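Chains as they are written, first to last, in the working numbering: chain A, 1 to 609; chain B, 610 to 1218.
These aren't lab readings, by the way, just hints derived from the structure by calculation. Be a bit skeptical, because a hint or two may be false.
Quick list of in silico lysine-lysine cross-link-like pairs, DSSO-like style, CA-CA up to 27 Å [to be verified]:
#1 A/K4 to B/K987
#2 B/K613 to A/K458
#3 B/K675 to B/K696
#4 B/K990 to A/K381
#5 B/K1133 to A/K28
#6 B/K853 to B/K797
#7 B/K797 to B/K748
#8 A/K378 to B/K668
#9 A/K484 to B/K1067
#10 A/K484 to B/K1204
#11 B/K990 to A/K4
#12 B/K864 to A/K593
#13 B/K1067 to A/K381
#14 A/K378 to B/K613
#15 A/K595 to B/K748
#16 A/K609 to A/K595
#17 B/K1133 to B/K1093
#18 A/K484 to B/K1093
#19 A/K28 to B/K1204
#20 A/K28 to B/K987
Every value quoted in this text rests on a predicted model; they were computed, and no experiment measured them.
2 protein chains.
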Amino acid sequence: MSSKVVGILGGGQLGRMLAASASLLNIKVAVLDVGVDAPAKQIIASSSHIDGSFRNKEKILEIASKVDILTVEIEHVDVEALEAVQKGHPNVAIHPSPSTIRLIQDKLSQKRLLASFGCPLGSFQAVDANQDGIAHAAKELGLPLMLKSRTMAYDGRGNYVLRSADLESITAAIDFLGHGSRKLYAEKWVPFVKELAVMVVRGLDGTISSYPAVETIHRNNVCHLVWAPFRLSNIDQDPTLPTKAEHIAREAIEKAFEGPGVFGVEMFLLNDGEILINEIAPRPHNSGHYTIEACESSQYDNHLRAILGLPLGSTRMKVGAAGMLNILGSSNSGPLKISPSQSSLSFSDDLLVDKLTHVALGIPGASPHLYGKAQSRKGRKMGHITIVGTSDAEVRERMTPLLTCLAEVEGDTQNDPHSSSLNPHLLGYSHPHPLISIIMGSDSDLPTLLPAAQILAKHFPSIPFEVTLVSAHRTPLRLVNFAKSAAARGVQVIIAGAGGAAHLPGMVASLTGVPVVGVPVDSKSVSGGGGGLGGVDAMWSILQMPRGIPVATVAINNSTNAAILAVRIISAGQPQLITQMEDYLRRLGEEVKTKVDVMDDLGWANYRK
Amino acid sequence: MSSKVVGILGGGQLGRMLAASASLLNIKVAVLDVGVDAPAKQIIASSSHIDGSFRNKEKILEIASKVDILTVEIEHVDVEALEAVQKGHPNVAIHPSPSTIRLIQDKLSQKRLLASFGCPLGSFQAVDANQDGIAHAAKELGLPLMLKSRTMAYDGRGNYVLRSADLESITAAIDFLGHGSRKLYAEKWVPFVKELAVMVVRGLDGTISSYPAVETIHRNNVCHLVWAPFRLSNIDQDPTLPTKAEHIAREAIEKAFEGPGVFGVEMFLLNDGEILINEIAPRPHNSGHYTIEACESSQYDNHLRAILGLPLGSTRMKVGAAGMLNILGSSNSGPLKISPSQSSLSFSDDLLVDKLTHVALGIPGASPHLYGKAQSRKGRKMGHITIVGTSDAEVRERMTPLLTCLAEVEGDTQNDPHSSSLNPHLLGYSHPHPLISIIMGSDSDLPTLLPAAQILAKHFPSIPFEVTLVSAHRTPLRLVNFAKSAAARGVQVIIAGAGGAAHLPGMVASLTGVPVVGVPVDSKSVSGGGGGLGGVDAMWSILQMPRGIPVATVAINNSTNAAILAVRIISAGQPQLITQMEDYLRRLGEEVKTKVDVMDDLGWANYRK
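Using the sequences and the accompanying hints, generate a full structural model.
What follows is the structure, encoded as structure tokens:
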């Protein structure tokens, strides 16, 4: 057997998940980290592991002598040692290369490199770690000012927000950032509305591929939640944002970094739709954990394939949507405000970790990952939970018990803003993550369209929908934005009601690839409109669309059928809906059978509808 | 920390995959099997593993002293030892229970037990392992007769097909089956059309759940392929077969076996729709490997959850379809008729295993699993490959390069019958696994419906469809069978064209939950029909469906739009189709823009369409 051995510098959770991918391909792995029981070492029985630090030159040379390929799960390794490996062990491939790691370790160099290739970045500059230097930067870039250590800064460590440029504030900043001993740089404050991330992977042959853009939510500078894929939150956002984010991330890796492997690109989305690169990690990344359950090949599979020179795996999502919650350690070893575990089984020595894991085990589509770390500490990454589902709404609903649990344990009186609230349909409001969008040109059409909303809320409560106004003739640009953004907001069917000239359904259909169901409205029933044509005018207008751009037309005024048709359409992605639809058909039949019995009972002459 | 330790008897691939699930929850595992490098031991570093046989009583008692829960990856363990554990270590839970294992070890007892609970089984009887006994059984049950060893029979070992009841044949059977030393029983030959399997899981609290029924294909009595979910192969099959198979499997486990864990139930499907139980394994099963990538929780996750008393995970499929190919060892160590590996990397010492793995790495949605077995032998299970996709057709197409590779290596001149043939649309034939079904009442409607097929074949070649005749008035029962079986055949949209009374679309919609697109046909264009109504007659009939049962109506004769609408509908399950649809819309726009240029160029007076 001539299998190659992969050495991993770092044996934490990323190394552990990389090792799990390696074992699927029967690839031998050796891990360098302190302790015989580091998370990655637990899941690969090997006599080749090395007990020592990934910052220790001797140990790095030692592991290099045992492997064919070296990779990292953390970029804060000893680069000089890697350069020594390059010289002393020319047959050992190092991915990412020592030069890439060196560049990435120094965040200012990283920014300068990206800037030199024209990648979109906020303003930044080097700063002398003293009063004058910082005051100068604050003057140039404005306040608040983000001060960062150039090296060894991650998860918010080494970052300081300077809010005022007075002597006292600057002194506090200097004290926090190593008392002048660490090299600093400054970034102009970026007023982002969302944080995005894209995992990019490049094969040994240069093939490049990317995972879909995701939304990341940080708390205290640490990744808290990930939603995949990233969705627009309103119709006025640029519908190309998701592909734009992917494009920016790929281009940054293509231009600025070389060599095979996975790169995590973190970005800011600004209010005006601009996307700026925040920073880049040359390895699998927290924001890509979800790919294990949600994509055709995970970021770990692909990192391994890339560094081994194998073909890259598909980065396509295989589920409708996914979410990821990091499980951080709690220092609360005292009595938490939580009920005891449902089972006697405990997974760690941290009550919060345990509690979240137990909650996750009760959620369909949730996969807890515990990292097997020896000790829990407050804020330490102890595990994560990935949730998959057929829609954003389902994933968020499934995530909610976890966020509620976390809020309870942390004593928050308010739920996490990312919890799904009560089913808004019960209250008669639109769902924030709709699969079905019910639109009409005028509120005078609402009485005709209302049965669509009512039947969905009553018979298919698991399907999120929205109801709003879009007028082809009075708000033509809103129509364009609505149609263009529909797919990027996650909408899978549009129900459009219209009377008279009835252009709304057809115009929407011409601007989106999402299926459109048209409801011809008899506008005689509508105040001020109508011409006594009984809706036939609207029907012809909606039905007789030109070749290539169909509208699924239903009977005049029959918005009930539009809703039922929309549910049938969604079943292409949620086969369980077919069963629900067949149950619904059965109930319709039973209603008729009940009437048969009544007619037999009363006699036809006495029967009254 | 008070985590429980799980002991696994057997360290092969099933133990390995169970251990992988355990590591996600940070559950400690100890494995009993021969060798320090058994597949399961490779992926759990532990000093608690035991080197010894799972048939060795002392070793079983030894592992019992180290764990809280004992489970098995193979049922051929020493049951007496487990009974001794029950007495000597009353705190160690054993799942499945020794009594269940004992029952399952003896296939005749297993059959008798199932029969006593009324589970559907073929005829069987005990047989004396001599001339008279076998001749008697052949007389009672007929020929061919399946003779089986009562114990230690798996993957076809211990099975013998007796085709003739003469002295010589019976002597050969006795010689094959242990020369009279092994207890035998006989089964009446079951002329099955398909083999099915259902994985059932029961929690410690008795909650029972099952995975969807799958189709299994055996070669030389060993599992070769699995297709999930099981689909009907024609419209005349009972559409409730998939749920019937699940029901039979669950009922068998509920009635005949106790205790928590996963059970694999293998079944035969007969020509008349009858389903018979073949045999049951009290553990994760080869036919459930696909659940790792294809379901919300895998069979391994669920076996672990069950025996630990945790809530069961969701058994729902999270992908449209999946397939699994077993990788068996090849004894061909000589020059195979295959090209050398694409990369210098080899995964095992078996060229066939290596070749299949390399082919799999080039297939989107394929996940190879190699088991890390020390030696390859001909027929030994060395790994498997799971393929996921959005549809049966996609999964089968993705599987084809693997089956072709296998056929090449094995020197078969013909491809595996389960390979997808050339895209049948190119040849003008229906796809055997359609997502879209185009139907019409008469071949006189074909000219009107043909553009639907043509536009699908030309612009959306990845979408499989069929074209056939279903007449509401001339073949009303065919209509019922067609509609009832559509979902169970995997059809996601039906396009129905009809003229005149035009009952076909609406009647189909009333019998299925699958969305129906109706194309009104102007029957004046049809020989012998029509009334000069221009298709308006059909349009009203298709459009004005009663509340609750919609038909998505498109313009008269516009089957192109029906096809485009069907593609839009399918995008609910295949978001990448939205992009394809938007590209299609762009091309439509470009056609118009070309005409603009021509008109500008020639002048409007000289322009000819």
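Review point. Is the hinted pair B/K1133 and B/K1093 satisfied, with a Cα-Cα distance of at most 27 Å?
Key: violated (31 Å)
Review point. Quick one, are A/K484 and B/K1093 close enough, alpha carbons at most 27 Å?
Key: violated (37 Å)
Exercise for review: Decide if the proposed pair is consistent with the structure: A/K484 and B/K1204, CA atoms, cutoff 27 Å inclusive.
Suggested key: At roughly 25 Å apart (the allowed maximum being 27 Å), B/K1204 and A/K484 satisfy the hint.
**Study point:** B/K797 paired with B/K748 [C-alpha distance capped at 27 Å]
**Key:** The hint holds at about 11 Å.
Exercise for review: Would you mind confirming whether the straight-line C-alpha gap from B/K675 to B/K696 stays at or under 27 Å?
Suggested key: holds (16 Å)
Check your understanding: When you check the alpha-carbon spacing of A/K378 and B/K613, does it fall within 27 Å?
Key -> With Cα atoms ~25 Å apart, A/K378 and B/K613 stay inside 27 Å; holds.
Practice item. Below or equal to 27 Å on CA atoms is what counts here, so check A/K595 against B/K748. Key: Violated, because 58 Å separates the two Cα atoms, which is more than 27 Å.
Practice item. Sort out whether A/K381 lies within 27 Å of B/K1067, counting only the CA atoms. Key: Measuring from Cα to Cα gives roughly 51 Å; hence the hint is violated.
Review point. Are the Cα atoms of B/K990 and A/K381 separated by 27 Å or less?
Key: Given pair B/K990, A/K381 is violated - Cα atoms ~38 Å apart, limit 27 Å.
Check your understanding: If you draw a straight line from the CA of A/K378 to the CA of B/K668, is it 27 Å or shorter?
Key -> violated (42 Å)
Exercise for review: Assess, step by step, whether the Cα of B/K613 is no farther than 27 Å from the Cα of A/K458, and give holds or violated.
Suggested key: violated (45 Å)
Review point. Given the hinted pair B/K853 and B/K797, is their alpha-carbon gap at most 27 Å?
Key: holds (23 Å)
Consistency note: the structure conflicts with the earlier hints numbered 2, 4, 5, 8, 12, 13, 15, 17, 18, 19.
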